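Enquirer: Using the sequences and the hints given, assemble the complete structure.
What follows is each chain in one-letter form.
Protein chains: 2
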Amino acid sequence: MVNSKPPYYAVIFTSLRNEQVNDGYEAMADEMVALAKAQPGFIAVDSARNGIGITVSYWESLEAIQQWKLHTDHLLAQQLGKEKWYLHYSVRICKVEREYEFGG
Amino acid sequence: MVNSKPPYYAVIFTSLRNEQVNDGYEAMADEMVALAKAQPGFIAVDSARNGIGITVSYWESLEAIQQWKLHTDHLLAQQLGKEKWYLHYSVRICKVEREYEFGG
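Chains as they are written, first to last, in my numbering: chain A, 1 to 104; chain B, 105 to 208.
Just so you know, these hints were derived from the structure itself, not from any lab.
Subject to a maximum C-alpha distance of 25 Å in a straight line, what follows is the list of computed DSS-like cross-link-like pairs (lysine-lysine):
#, chain 1, residue 1, chain 2, residue 2
1, A, Lys37, B, Lys199
2, B, Lys199, A, Lys69
3, B, Lys109, A, Lys69
Predicted model, so just to flag it, every value in this text is computed and none were measured.
Expert: Written as structure tokens, this is what we have:
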């Protein structure tokens, strides 16, 4: 999924959701991914949820991450998230130093 | 979940499973988590799976990660994983440079 060679950057977003349905979360999450993909320096994103949710996005530079973070709609979504969607979340900005893979 | 201050380290393990049941995967995965928790330098682990699986373990140092990796049972599980459990996996060793949180 990621074709860049280290070093590059990862944003690890770990969250615990409110248990609400039809609250617009899925649409917001889809929009956030679309926004990330449209940003310069975006590489890839992986996401999984059962109980907690983990979304890891990969970026060419810290500057690309900052630009994404500054994006108005992204900031808006973070604000709404604090109010409604999440019981808890954490964001970690990481430098990917090494990687290895198995399989195609 | 993580009480350490950056910098510390993260291992991002992303995997695509074979669709087999009762193949011993869950027991192996539980054992790997137990082994990690028993290692010096272990901080925490988060895991989620739907479609792809993402497991992120957090460590105090690269040396702690290397010791964990060298652990016999862990290596064994990786080998078995190549043969049976995974269609694809990737491992990324990362330095956590910054973090922020919302919620308790």
